[in-house]
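Turn these sequences into a full structure, and let the hints steer you where they fit.
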Amino acid sequence: MEIRDDVVRDAASGDPHAFRQVYDALAPKVLGYLRARGVEDAEGVTSEVFLGVYPRLGELHGGAAGLRTLVFSIAHARVVDEARRRARRPVSHSYDPEQDDRTSDSAEHLAVESLEAERALALMGRLNDDQRTVVSLRIIGDLSLLQTAEVTGKTVPAVKQLQRRGLARLRELMAAQEVAR
Amino acid sequence: MSAARLEEMLADAGLAPTAQAELSGLLLPLAATTDLVPEPSAELAALFGESTEGGEPGGLVPGAQAARPWRVRTATAGAVVLAISSVGATGLSAAANSLPSAIQHHVSQFSQHYLPFDFPEPPEEGDQPLGEGRFALVPETSLPHGDDAPSGGAGGVVGVEPPQVLVGADHPSQADPPFLASATDGGDQQEVRTPSHQGHASPSAAPSPSASASPSATASPSPSAEETEGAEEAARPPSPTPTATPSSSEKGTSEGLAGTRPGRDEIRSPRNRPGRPDKAPGKDSGKDSDSDNGSGKDSDHDGVPGAGQGDGGSTEPADPATPAPSIVAPELPGLGDLPDLPLMP
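The listed protein sequences derive, respectively, from chains A and C.
Numbering follows this note's numbering, in which position 78 of the first sequence is assigned residue number 78; successive positions increment by one, without gaps.
Numbering follows this note's numbering, in which position 151 of the second sequence is assigned residue number 151; successive positions increment by one, without gaps.
Everything labelled a hint here was simulated from the structure, so no lab data went into it.
Keep in mind the model is a prediction, meaning the values are calculated, not measured.
One or more hints might be untrue.
Partner residues are not named here, just some residues of chain A that face chain C (Cβ under 7 Å, in silico) [claimed, not checked]: (1) D24; (2) A27; (3) P28.
Over 10 Å on every C-beta distance to chain A, these chain C residues come out as not near it, computed from the model [as the list claims (entries may be wrong)]: (4) A4; (5) H106; (6) F117; (7) L343.
Here are the simulated distance ranges between beta carbons [claimed, not checked]: (8) C/G78 / A/D81: 31 to 39 Å; (9) C/S86 / A/G66: 41 to 49 Å; (10) C/S24 / A/V179: 17 to 25 Å.
We put the beta carbon where it would ideally sit given N, CA and C, even for glycine.
In C-alpha cells, the structure reads:
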C-alpha cells in the first residue's frame, strides 16, 4: 500500500483518519522489521513507534518518502534501545526447541506452517547486526539505499557494502543448511 | 518489496544467477509477511479516534498543537511571577518610604483607601529637619536678647549681646561644659569658672543665668547660717551670689557664651541643671567660713553627690517648710573691690 502525499499532509494537520491510513500502510512493514530484528513484543513496539511518530508529524518534510524514513528511524531507534536494554539485563528463558534455530525444522513443522518466512528470519538472525539491519530495511521496510542510509546514519556506499555482504552471508547459510539436510 | 526490486538488489550484490534465484526464493516470502496490519494498542486506537464517540481523537495531539498550550502555560506562569514580584517589591519600597514622592503618594492613598494597613506618606518638599547635620544655625533675630530675656535674671544686670547660637547640637563646649565654680586651694582667692569663662574668670563671673533662675538659686542658706552671721552681713561688702551674676565680660560675650544668654535652658546638660550652680557657692562658702553652711545644704538639695564638701558642708537636709531667706554672701577676700551687684529677688 502506497501513501499519498495529501494523506500525509492531513495526518500532519491532525486528521485521525489520515493517520490511521498511514498506520495501515506502514505498520505491517514496521512489524516485519521489528520481528526481523528479534524484538520480543513486536506488535507493542509497533504501536509505540506510531505513538512516537504522531507528535512529530508537524515537523515532517518530504511527503510520503519523508514519512517512511521518519517511521523507520523511530523503529530503528527502538530496536537499538531494546538491544541495549537486553545487553544490560539479559533475559533468561527456559529452553524451547522451537526457538532453537540451530536445529533443523522438522518435516511436520515445515508442512504445517508456511515457514519460508520463518526460515528466512532464522537465517537473517545469524547475520551481524549491521548486515541484518540493512537487509531488513531494504527488503522488509522497502526502503531505498538513501533512506536506509538516513535511517542507519551511514553513507550510501556503506549501506551498499553491508547489503552485499549480508546477502552473500545469507547465501552461505542457505548452502550450509542444505548440506545439513 | 516487488520481485523486480529484489532482483535489482541481488544484482547489485554481485551474486551468481543461481545464488540470486535461491535468495529470491528465500526473501520473497519474507517480504510477503508484511501484509498483516497489527492491532493498534489502546492508546493508539484512542489516537485514531476509534474509542471515542464522534471521531474525536484521544488525548494526544500533533506536536505543534501540543506545544502551544505548554507555551501558553509557561508564559502565563511567567507573567504571574513577574506581577507578584513587582507588587511585592513596590510594597516593600513603599513601606520603607523609599519610592519617588509621586508614586509613594499614590501608593499611600491606595493603601489608605483599599488596604487594611497604611503606607507612609512621602515627605513634603522643603520638609528638611532643622537639625540637619550636626549644627543648625539659628537666626539671631529669633533669639531673645539682653533685657528681653525671660529667664535670665542676670540678663537684666548687664546687657549681653548674644551672638549666634548653636542650638540642638552637641557642641562639646556647651553640652558638657566644665561647669566648675570652686574655690582655689588657698581659700583667699576664689576662682569661679564658667564653661567659657575659663582663664579670665573673676569673682564677679558667676554661674549662668539659668542657675540664678532656678529655685535652688533663690533658695538660700539655712536659718542657722543666717543666725550665725546676722551682724556681720551689714558690714561686709556685697558679694556675688548665684543670682547676682554675670559680669558682662565682653570677651565672654563675644565668644558666644550660652551661659549668659536666654534660651540656654533649652539645652540643659546635667551640669547645667537649675540647682547645679548652687553647688559653687556652697563650696565656696564651705571653704571660707562655717557660716556658709546654708549654701552647702542647698547643694544637697539637688541630690548631687559630693555637693557641699566644704568644711562647713552640712549633711542636714534643709527644712523645706522654712522660707528661703536671701543668700548670704560669703566672705571672700579681695571681693571688696567689686561693684555692688543687685541680688535676685
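- Query: What hints, given by number in increasing order, does this structure fail?
  - Reply: none
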